[in-house]
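A.B. asks: Below, each chain spelled out in residue letters.
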Amino acid sequence: MHTLIVIDQPPYGSWGGRESLDMAFSLAAFDQPVSLLFIDAGVLWLKQGQEPGGINQKSVERNLAAASIFGVESLLADTAACHRFGLNEDNLINGVTRIDNTGATLQQYQHVAFSG
Amino acid sequence: MPADNHTFTLVITGAPYSSQAPETALGFAQAALRAGHTIDRVFLYGDGVHLASSLPSPPSDEINWTRAWSDFLQEHSVPAVACIASALRRGLVNESEQRRYQLPASNLATPFEIAGLGEWVESTIKSSAQSSRVIYFHGGA
Numbered sequence: 001m002h003t004l005i006v007i008d009q010p011p012y013g014s015w016g017g018r019e020s021l022d023m024a025f026s027l028a029a030f031d032q033p034v035s036l037l038f039i040d041a042g043v044l045w046l047k048q049g050q051e052p053g054g055i056n057q058k059s060v061e062r063n064l065a066a067a068s069i070f071g072v073e074s075l076l077a078d079t080a081a082c083h084r085f086g087l088n089e090d091n092l093i094n095g096v097t098r099i100d101n102t103g104a105t106l107q108q109y110q111h112v113a114f115s116g
Numbered sequence: 001m002p003a004d005n006h007t008f009t010l011v012i013t014g015a016p017y018s019s020q021a022p023e024t025a026l027g028f029a030q031a032a033l034r035a036g037h038t039i040d041r042v043f044l045y046g047d048g049v050h051l052a053s054s055l056p057s058p059p060s061d062e063i064n065w066t067r068a069w070s071d072f073l074q075e076h077s078v079p080a081v082a083c084i085a086s087a088l089r090r091g092l093v094n095e096s097e098q099r100r101y102q103l104p105a106s107n108l109a110t111p112f113e114i115a116g117l118g119e120w121v122e123s124t125i126k127s128s129a130q131s132s133r134v135i136y137f138h139g140g141a
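Quick mapping for you: the protein sequence lines, in order, are chains A and B. When we follow the UniProt record's numbering, the leftmost residue of the first sequence carries the number 1, and every step to the right adds one. When we follow the UniProt record's numbering, the leftmost residue of the second sequence carries the number 1, and every step to the right adds one.
Possibly wrong hints are sitting among the right ones.
[Unchecked claim] Example chain A residues on the side facing chain B (calculated, C-beta under 10 Å, incomplete):
1. 12
2. 23
3. 25
4. 48
5. 94
6. 113
[To be verified] Computed, partial: chain B to chain A, Cβ under 8 Å:
7. 46
8. 110
9. 121
Since the hints were derived computationally from the structure, they do not count as laboratory data. Ideal placement from N, C-alpha and C gives every residue a C-beta, glycine not left out.
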């Protein structure tokens, strides 16, 4: 059963997204198919060159870059949200698939979990 | 048991007193059992782990959500697990974690337990069965 974890919060304002990422990695560690979908301000997770040292946090960029190595099948991002936040092929991290119809994407997964 | 019996895992990510998630989840759990369904387990994640703290002491005319959940879990023998990573970050520990991290106290309420995300993974694997579902109760953004 393929799980889709949806992240709709920006990376550093709360721990919710980070804990959603842990859920995805945990599924992958147990060999369960899992993908991540970033919508709304959640797409900011996918921006290149994050430097959150000034707020004493670790960059999530490295975690996401390692997602495929840990077995996360795909990183999906809502195209409209990417556009709204000025994200394009030049400043998105590698390996992101942009999708136009999030509703249809949600339908493709048997188990969908939003970040708290 | 009705023929259309379902098994539910409840995931609570909203904290009591900051969100309605524990209350809504308890209402769902009670209604599900009344209708002949089964609650496989309850998993507390993120801020939801605060529900398993034995320390909140609300005014006497407000509901103590930890106690309400604790009574429900014990009456119906439903296991409840708080995610260890979420719990340690937020200061929810049992006696063994208290010893491990040399903390001055432990505060895990009975009958809650502390375990890893593997518990949740197991629930999602089980939920691939037609009659089984994982339901999330969030605190809202």
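A.B. asks: Could you run down the list of hints and mark each one as holding or not?
C.D. replies: Here's how the hints hold up against the structure:
For residue 12 (chain A), the shortest C-beta to C-beta distance to chain B is roughly 15 Å, which exceeds 10 Å, and the interface hint is violated. Given the 10 Å rule on beta carbons, the hint for residue 23 (chain A) holds: about 6 Å separates it from the nearest Cβ of chain B. For residue 25 (chain A), the shortest C-beta to C-beta distance to chain B is roughly 9 Å, which falls under 10 Å, so the interface hint holds. Among the interface hints, the one on residue 48 (chain A) is violated; its C-beta lies about 25 Å from the nearest C-beta in chain B, farther than the 10 Å criterion.
With 10 Å as the threshold, the beta carbon of residue 94 (chain A) stays out of range of chain B, its nearest partner Cβ sitting at about 27 Å, so the hint is violated. At about 6 Å, the closest approach between the beta carbon of residue 113 (chain A) and any beta carbon in chain B falls short of 10 Å, and the interface hint on this residue holds. Given hint, residue 46 (chain B) at the interface with chain A, holds; its Cβ is 4 Å from that chain's nearest Cβ, closer than 8 Å. Interface hint status for residue 110 (chain B): violated, as the beta-carbon distance to the closest one in chain A is roughly 25 Å, over 8 Å.
Among the interface hints, the one on residue 121 (chain B) holds; its C-beta lies about 5 Å from the nearest C-beta in chain A, closer than the 8 Å criterion.
Hints 1, 4, 5, 8 from the earlier list are contradicted by this structure; the remaining hints agree with it.
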